[in-house]
Amino acid sequence: METLVLHKDKLKDFLKALGDVRLVAPVTVAGKTQFCEVADIDAVELDLNNYTATTKKVMFPQTETMFAFRSTPDGVKVEEGGPAPKTVVFGIRPCDARSFVTLDPLFTKDFNDPYYMKRRAATVLIGHACAEPTNRCFCPSVSGSPAGTEGLDVLLTDIDDGFHVQVVTDRGKEAISGAKSLLTKATEAHNKQKQAADKASAAKIKRSVNLKKMHEILPKAFGLPEWKETGSKCIGCGICTYNCPTCHCFDIQDEGTPYQGRRLRTWDACMFSEFTMHASGENPRHDRSERLRNRMLHKFSYYPRNLGFISCVGCGRCIELCPVNEDLIQILNTVREVCNE
Amino acid sequence: MDATKSLRAIAREVLGREDIACLIGYEKGSYGFRAQPCVLTEPDQADRLIFSPLCVHNLTNYLTLEQIGPLSKADIGKGKIAVVVKGCDSRAITVLCAENGIKRENLYVIGVHSPGVVDLKKIERRFPNAVEPAEVSLEGDSFTITCEGETASVPRSELVNAKCLRCKNNVPQGCDVVVEGPEHSMEDDFADIAALEAKPLEERAHMWQEQFSSCIRCYACRNSCPLCYCSECILDKLRPQFVRRSVDFPENLLFHSARAFHLAGRCIECGECERVCPQDIPLMVLNRKLARDVKELFGYEAGADPEQKALFVTFKPDDPNEGIL
Ligand code: SF4
Ligand code: SF4
Ligand code: SF4
Ligand code: SF4
Ligand code: SF4
Chain A
2 METLVLHKDK LKDFLKALGD VRLVAPVTVA GKTQFCEVAD IDAVELDLNN YTATTKKVMF
62 PQTETMFAFR STPDGVKVEE GGPAPKTVVF GIRPCDARSF VTLDPLFTKD FNDPYYMKRR
122 AATVLIGHAC AEPTNRCFCP SVSGSPAGTE GLDVLLTDID DGFHVQVVTD RGKEAISGAK
182 SLLTKATEAH NKQKQAADKA SAAKIKRSVN LKKMHEILPK AFGLPEWKET GSKCIGCGIC
242 TYNCPTCHCF DIQDEGTPYQ GRRLRTWDAC MFSEFTMHAS GENPRHDRSE RLRNRMLHKF
302 SYYPRNLGFI SCVGCGRCIE LCPVNEDLIQ ILNTVREVCN E
Chain P
40 MDATKSLRAI AREVLGREDI ACLIGYEKGS YGFRAQPCVL TEPDQADRLI FSPLCVHNLT
100 NYLTLEQIGP LSKADIGKGK IAVVVKGCDS RAITVLCAEN GIKRENLYVI GVHSPGVVDL
160 KKIERRFPNA VEPAEVSLEG DSFTITCEGE TASVPRSELV NAKCLRCKNN VPQGCDVVVE
220 GPEHSMEDDF ADIAALEAKP LEERAHMWQE QFSSCIRCYA CRNSCPLCYC SECILDKLRP
280 QFVRRSVDFP ENLLFHSARA FHLAGRCIEC GECERVCPQD IPLMVLNRKL ARDVKELFGY
340 EAGADPEQKA LFVTFKPDDP NEGIL
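Here the protein sequences line up with chains A and P, keeping their order. Quick note: the first sequence uses the numbering used here, first residue 2, plus one each step. Quick note: the second sequence uses the numbering used here, first residue 40, plus one each step.
Isolated chain P (complex conformation):
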């Protein structure tokens, strides 16, 4: 609740400023455990904002779109866009700025120390069919959940999103203002990736064959990703057509390879792609395999350092590896 209160106060001030065009934050959702993104333009809308473990979305995804709230293409750039970010989300801004995808001076970044966000699928399985808007907050090591008039306490580890259990740093970086709260930082040993790699090749091949075959190519993973923002995506191109429209294993494999490789050294592991997938395809396994390889090969972690340059535009003259130079 406190984060919500502080956020509203900040928003009221920020939305009153001449140089701010709008603010992207979270508001109460339409039912159950859902929160929804919102775009505010007036100070008196500030009380719509919320912040809680239900604020799962990475709002930086909106920063590169052609329409932001009531602002259409022509209005964007006329004022700064304020955006609410968690630790992971803030790393997407780092990467976007390093790539010149957005200009930092056009943003007003409001960071929140997130206590971790819930895994919506898990919480909805645990508390099925909630219609009345539910509330979730972190108290100690447990989530306090108020749902359909009843209150329950569930250990955080049981309902929190997997990404939060290995969160490198929940303190958002490079912000203009921060709503403080508990801090945490975990080591990530990529044990999940090592465990998968230890499985026989046939087993892994079978797993991906099944998973990719069940993809319906709705492209929600691409559209929800803050770092998939090419204005013309190769997946949509018709002339030449890189990936065919037919939805089957070979084309889906091509699509998934393209998506994953285009995010190598760029993915900041916000987990949005996997969260939104209607087919529950474990996209984070692919992302994390590449993230681990990038870390091992180049000692680079996407978005980890606010000053960092984009991986694929940097080279070291004293690079010990063989390379193209």
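Only chain A is shown next, with the shape it has when bound in the complex:
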């Protein structure tokens, strides 16, 4: 598809030219970078650094009303949520964009999840290639790349005077059509700069994990005593799952009174002890190490076997944010070593 160039002074105009859409972009709220709905384009952080914030909530909000109910003299009235607003996510990282590709089969295979799918269909993803991969990044180990386009509609890459704009899909083309006058055709020189930028950022990735046959090795490692030692450091919080772009477990709850209320779904996490708690009080995953093992097996064995993707895009957030340095690279390397594979 097309390759274009956007001068860096024109970035704000470019955002304005996206038209009447809900714009989600990195902004600073309460002192931290977050992906939020942007009311004021001037608030968008344009020195797009490599932030920790995830975009999962754009398709899969942490709290989502499935329907509201109310009892009236004419019976119970049920109101479902409306259609998803047309949305553009700007500045999303290639790993985060790819996470939606890995989530799609989960939300469509046995059942078309209307909540996820309506947002997915209404959302255009404009990515920003990573010029500065961090020490937590290992996307190439899971077939990603700091300049990957999988899942993206448009990809921006920093070049000398601004951005190289790669249009990936027709949806992307359509979404930026209002900005035509701001974009020029990329020349051979621009494309060369883009290639050099991609190469330079790929070379900055220092961490990696060998996942060859990992989906087969992990089940064999199920009974290893090493899990107890590695996993018992874990304090059973929701950091790794809630900040992971590919973790997707949820809970369904009713809130309100029998007369008026709503049914909602909220994120849940396999690292919480109540996640597997049975009504009887029995908990089949009693220890934290069993829960950590499950997280590893789910991502690197069950999910790839059932849905065809490793449920990890190598963003490394779980590694960076874990309070006790549970590091999946270290864990998987140990597993491979102990299994002699």
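Think of the hints as simulated: they come from the structure by calculation, not from any bench. Heads up, some of the hints might be wrong.
Here are the simulated DSS-like pairs of lysine-lysine, each with C-alpha atoms no more than 25 angstroms apart in a straight line [as the list claims (entries may be wrong)]:
{"hint": "1", "chain 1": "A", "residue 1": "K229", "chain 2": "P", "residue 2": "K238"}
{"hint": "2", "chain 1": "P", "residue 1": "K160", "chain 2": "A", "residue 2": "K33"}
{"hint": "3", "chain 1": "P", "residue 1": "K44", "chain 2": "A", "residue 2": "K205"}
{"hint": "4", "chain 1": "A", "residue 1": "K33", "chain 2": "P", "residue 2": "K161"}
{"hint": "5", "chain 1": "A", "residue 1": "K207", "chain 2": "P", "residue 2": "K117"}
{"hint": "6", "chain 1": "P", "residue 1": "K112", "chain 2": "A", "residue 2": "K207"}
{"hint": "7", "chain 1": "A", "residue 1": "K207", "chain 2": "P", "residue 2": "K160"}
{"hint": "8", "chain 1": "P", "residue 1": "K117", "chain 2": "P", "residue 2": "K142"}
{"hint": "9", "chain 1": "P", "residue 1": "K160", "chain 2": "A", "residue 2": "K205"}
{"hint": "10", "chain 1": "A", "residue 1": "K229", "chain 2": "P", "residue 2": "K119"}
{"hint": "11", "chain 1": "A", "residue 1": "K229", "chain 2": "P", "residue 2": "K67"}
{"hint": "12", "chain 1": "A", "residue 1": "K214", "chain 2": "A", "residue 2": "K193"}
{"hint": "13", "chain 1": "A", "residue 1": "K33", "chain 2": "P", "residue 2": "K238"}
Model the placement of chain P with the ligands on the given structure of chain A, informed by the hints.
Just chain P with the ligands now, kept in the frame of chain A:
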């Protein structure tokens, strides 16, 4: 380095003893500036231990969990648990024992005079993207930092955790054995809290509205806190459900109020809750506001005195204040 050496010698001896089930300490982390907690059971594992300004965690948090290293619920209590503590961490043991959360006789407490721990966020901003395990030690008033083959010296005050700058006493209390080092004790005038209180109400309301709204309710602050150890937390309860699962400002406010108030007169200001928060919510401001109020109202500082009783189970017959009695 010396603390590490002494610690290893102690650990080798302790892990050889019949009455010790395991030892909770620190070992080298997987990358950069990270150290990690570890649970050792054999004397020949002692050389894995380290102690340095990277040992940020409060390991007493593990003492009340249902699984400690390879020990599952059934094994806990069969032998003593040895644990490495800094000054602040040792005060958590004081509070836990005063509350009967743990029994002191089931512990073997190894204290270390900590030179102060780094603020991981600050040091990682200063030395970004370190992959090779880095080393940090205190020399004089500066941290010597070896990172990716280069050595730098940075004033301690620039990288140390804020709690260490107001540390009442870095000498751990009530230990079975102590690894000695420089001692320090600072006055805490709660100037940060006074400064915040001096701000207009609207400004503070706005600040907390923003902060609490950005909380993702991962409960890492609760789970990292040595003194949040109820086996059934009201936040998890479904019947009745005290705090709803929906994550929004009203419910988050309720959660944060519950967390902070349940720690009033108990929080020993180890700062773990704030350190682990992925959303950088300034939880220590809440904790310290309550700590200051408790100090002013009751002349009580949580964990300060090894003999002290838990605040909320004590009363004075000659209490000058109006009370429920
Ligand atoms: S692995 Fe780390 S982030 Fe995940 S639950 Fe355990 S302590 Fe929390
Ligand atoms: S498992 Fe960790 S590295 Fe993989 S996608 Fe999730 S947060 Fe990122
Ligand atoms: S994991 Fe790859 S795509 Fe994601 S932020 Fe890092 S370099 Fe960029
Ligand atoms: S650690 Fe931070 S984000 Fe997580 S629940 Fe506590 S305050 Fe909220
Ligand atoms: S509330 Fe925070 S500072 Fe206080 S004891 Fe718990 S973890 Fe430490």
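* Give me the numbers of the hints this structure contradicts, sorted from smallest to largest. => Violated hints: 1, 3, 5, 6 and 12; rest satisfied.
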